[in-house]
Amino acid sequence: MADEEKPQPPPAAPPAAAPPKPDPLKEPVASRAVDFLRAAMADAILDVSYFAGQAIVRVPPARLIEVMTCLRDTVDLRFDYLSNLTGMHWPKNERPFEVVYHLDSITYRHRLTVKIDLAETEEAPSVTSVWPTAGWHEREAFDLLGIRFAGHPDLRRILMPDEWQGHPLRKDYPLEGNPGDHVQYREVGTATHVYAQERPILRGFGWKKEVEKTGVGRG
Amino acid sequence: MFRTEEMEINMGPQHPSTHGVLRLVLQLDGEEIKEMRPVIGYLHRGVEKLCEHRTYAMIEPLTDRLDYVAAISENLGYCGAVERLMGLEVPPRAQYIRVVLAELQRLASHLLWLGTHALDLGAMTVFFYTFRERELILDLFEAFCGARLTYNSMRIGGLYEDVPRGWFERVRHLVKIFPARMREYEDLLTVNRIFVGRTRGVGLLGAADAIAYGVSGPPLRASGVNYDVRRAHPYSSYEKFEFDVPLGQNGDTYDRYLVRMEEMRQSLRIIAQALDGMPEGPVRAKVPKYIKPPAGEVYHVVESPRGEQGFYIVSTGGEMPYRMRFRAPSFVNIQALPVICRGAMVADVVAVIGSIDVVIGDCDR
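Chain order of the listed sequences is A and B.
Residues in the first sequence are numbered consecutively from 1, following the working numbering.
Residues in the second sequence are numbered consecutively from 1, following the working numbering.
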């Protein structure tokens, strides 16, 4: 009997191969919003990832408005504040454009990042109906990256001149710009009507040489 | 015999009270504003594109040039974002000195706002008074980092070096004399009949509108929304300091004035606490010589004097960011201008722009 009561020494564990060290940056964080989305609309979540304490949810563009309205209106989530909206360009990806939404809740002070992927010519649904603040953010994403937003009330360029060609934040756009991207229209008035006269503005690092060679753009 | 028609006029981009190259296209019925369209982009320098071609250390001077009235807040937000991306821990002394610098910057920025806001409304004297104190703060910054406007005051992982000898005593002196100086401004404005007449009930912004349009900073709090990033998502050890978040009731121009004045008092409180509890130790974490954050992304938000300043950095593991976005508080707040100015008079636009405190360098990036 006494022998049986003796605690048995635990069998020595075989020296296992050291497991890959978990990356502290990629550790999952508790997020009520992710739990809710997983429970309520699991079919609308493509992927959930974590980085540096942030939860990032990827949803299909077609379900975006539904998900966003739900996130804003659900009583214990209340993502009433769209902090940031921006676009990304990944030219090597199959769906090269990405729109990123950073949501914040003033009531509960929690955050969530939502992303959608877009094909080359695909339009993103505009969230201006959910948060009016998205209006200018979406105009900027259109201006600098060429992402179109379906349902936006006033999709025009915002930072670049109206007559600019191309979208500067795309990865294939050179830092110094393409010459001829900016054509300025000078309004020339006569007694009867006003017409636009085209005047190219030379840009880029080689502009001085171009001016000497052609004389265009001097002064 | 008489004909009435709506008139469209341009306010700006060269207008002294739009504080930079902001252009507002106004549709007027007499003096009443029917419609307003802000036009921005005159100061667009493509900083986000530039950042994709600079190493992380080279970007910090660029952030100075965004919101050039509050460059330290930009430095703090940018460095904080990169540190989060790398998982770096900043030494406590550096965090405290950063808080002192950021709050001094808030004072300097609010002083500039107060002086020019009052100047726009016809009260010239305040301008000279506020610039007298702003000068003291700029002298402190000059003693700390050698610059008076674009500081490049921080480094990723902490600070370049500790503060010079006697600097804390100078800050203490400023904290001591400042409340009396603030009473001087308040004597000039708070019960001034002209100032109150031009600001009270002017430029109303309701809480629901403010949240929906993403307004942040003092204009949001003047509408009665209790939201301050320092409190909601503390950074740089702000959770260790006691301070109140001043709130307005009516959301008008006068409330925005009161909120900023009270914020200056709270900044003094934070500075005093930081000086009292200043830890000893190094001011810079161990940072690799070449800063190469791992692949990932971070969205880091700080409370700049103008509002919620966000930094979105996407890294693919290289020495330059793949994508950088600045969530500029002025950009978002200007978007709400048409809502605030609905039905206002032309002359009120000047008061409203002043009370929103826009910096076009921040807005246009």
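No wet-lab data here; the hints were simulated from the structure.
All values derive from a computational prediction rather than experimental measurement.
Yeah, the Cβ is synthetic: ideal placement off N, Cα and C, and Gly gets one too.
Among the hints, a few may not be true.
As the list claims (entries may be wrong) - Cut-off 30 Å, straight-line C-alpha distance, at most; resulting in silico cross-link-like pairs (BS3-like, lysine-lysine):
#1 A:Lys-26 / B:Lys-286
#2 B:Lys-34 / A:Lys-26
#3 A:Lys-171 / B:Lys-292
#4 A:Lys-26 / B:Lys-176
#5 A:Lys-115 / B:Lys-49
#6 A:Lys-92 / B:Lys-286
#7 A:Lys-92 / B:Lys-292
#8 A:Lys-26 / B:Lys-49
#9 A:Lys-171 / B:Lys-289
#10 A:Lys-115 / A:Lys-26
Said to hold, decoys possible - With the Cβ distance kept under 8 Å, some of the chain B side facing chain A (calculated, not the full set):
#11 Met-7
#12 Ile-9
#13 Val-47
#14 Lys-49
#15 Leu-85
#16 Glu-89
#17 Ala-212
#18 Gly-224
#19 Tyr-227
#20 His-233
#21 Ser-237
#22 Lys-292
#23 Pro-294
#24 Val-298
#25 Arg-323
Said to hold, decoys possible - Chain B regions said to be covered by chain A (calculated; three or more residues, Cβ under 8 Å):
#26 35-46
#27 263-274
Now the hints, each set against the structure:
Simply put, Lys-26 (chain A) and Lys-286 (chain B) have alpha-carbon atoms about 22 Å apart, close enough for the 30 Å limit, and the pair holds. This hinted pair does not check out: Lys-34 (chain B) and Lys-26 (chain A) have alpha carbons roughly 51 Å apart, beyond 30 Å. A C-alpha spacing of about 20 Å is found between Lys-171 (chain A) and Lys-292 (chain B), which places the hinted pair at or below 30 Å, so the restraint holds. Between the alpha carbons of Lys-26 (chain A) and Lys-176 (chain B) the distance comes to roughly 46 Å, so the proposed pair goes past 30 Å and is violated.
A distance of roughly 21 Å separates the Cα atoms of Lys-115 (chain A) and Lys-49 (chain B); the hinted pair therefore holds under the 30 Å criterion. Note on Lys-92 (chain A) and Lys-286 (chain B): the hinted pairing is violated, with a Cα-Cα distance of about 35 Å set against a maximum of 30 Å. This hinted pair checks out: Lys-92 (chain A) and Lys-292 (chain B) have alpha carbons roughly 22 Å apart, not beyond 30 Å. For the given pair, Lys-26 (chain A) sits about 27 Å from Lys-49 (chain B) by alpha-carbon distance, which is consistent with the 30 Å threshold.
Restraint check for Lys-171 (chain A) and Lys-289 (chain B): satisfied, since their Cα atoms lie roughly 27 Å apart, inside the 30 Å limit. Of the supplied pair hints, the one linking Lys-115 (chain A) and Lys-26 (chain A) holds, its CA atoms being roughly 17 Å apart against a limit of 30 Å. Taking 8 Å as the C-beta cut-off, the interface hint given for Met-7 (chain B) is violated, the closest approach to chain A being about 19 Å. For Ile-9 (chain B), the interface hint is violated, the least distance from its beta-carbon to any beta-carbon of chain A being 18 Å, above 8 Å.
At a threshold of 8 Å, the smallest CB-CB gap from Val-47 (chain B) to chain A is about 11 Å, leaving the interface hint violated. At about 6 Å, the closest approach between the beta carbon of Lys-49 (chain B) and any beta carbon in chain A falls short of 8 Å, and the interface hint on this residue holds. At a threshold of 8 Å, the smallest CB-CB gap from Leu-85 (chain B) to chain A is about 6 Å, leaving the interface hint in force. Contact between Glu-89 (chain B) and chain A, as hinted, is not supported at the beta carbon level, the nearest pair being about 11 Å apart and thus beyond 8 Å.
Nearest Cβ of chain A to the Cβ of Ala-212 (chain B): about 5 Å, under the 8 Å cut. The hint holds. Taking 8 Å as the C-beta cut-off, the interface hint given for Gly-224 (chain B) is violated, the closest approach to chain A being about 12 Å. Contact between Tyr-227 (chain B) and chain A, as hinted, is supported at the beta carbon level, the nearest pair being about 5 Å apart and thus within 8 Å. A least Cβ separation of about 7 Å between His-233 (chain B) and chain A falls short of the 8 Å threshold, and the interface hint therefore holds.
With 8 Å as the threshold, the beta carbon of Ser-237 (chain B) stays out of range of chain A, its nearest partner Cβ sitting at about 16 Å, so the hint is violated. The interface hint given for Lys-292 (chain B) is broken, as the beta carbon of that residue sits about 14 Å from the closest beta carbon of chain A, more than 8 Å. Here the hint on Pro-294 (chain B) is kept, as its CB sits about 6 Å from the closest CB of chain A, short of 8 Å. Below 8 Å, beta-carbon pairs count as interface contacts, and Val-298 (chain B) has one with chain A at about 5 Å; its hint therefore holds.
Evaluation of the Arg-323 (chain B) hint against chain A yields a held restraint, the C-beta minimum of about 6 Å falling below 8 Å. For a cut-off of 8 Å, the count of residues in the region 35-46 of chain B with a CB near a CB of chain A stands at 4, and the three-residue condition holds. Check result for the region 263-274 of chain B against chain A: violated, 0 residues qualifying (beta carbon to beta carbon below 8 Å, three or more required).
Consistency note: the structure conflicts with the earlier hints numbered 2, 4, 6, 11, 12, 13, 16, 18, 21, 22 and 27.
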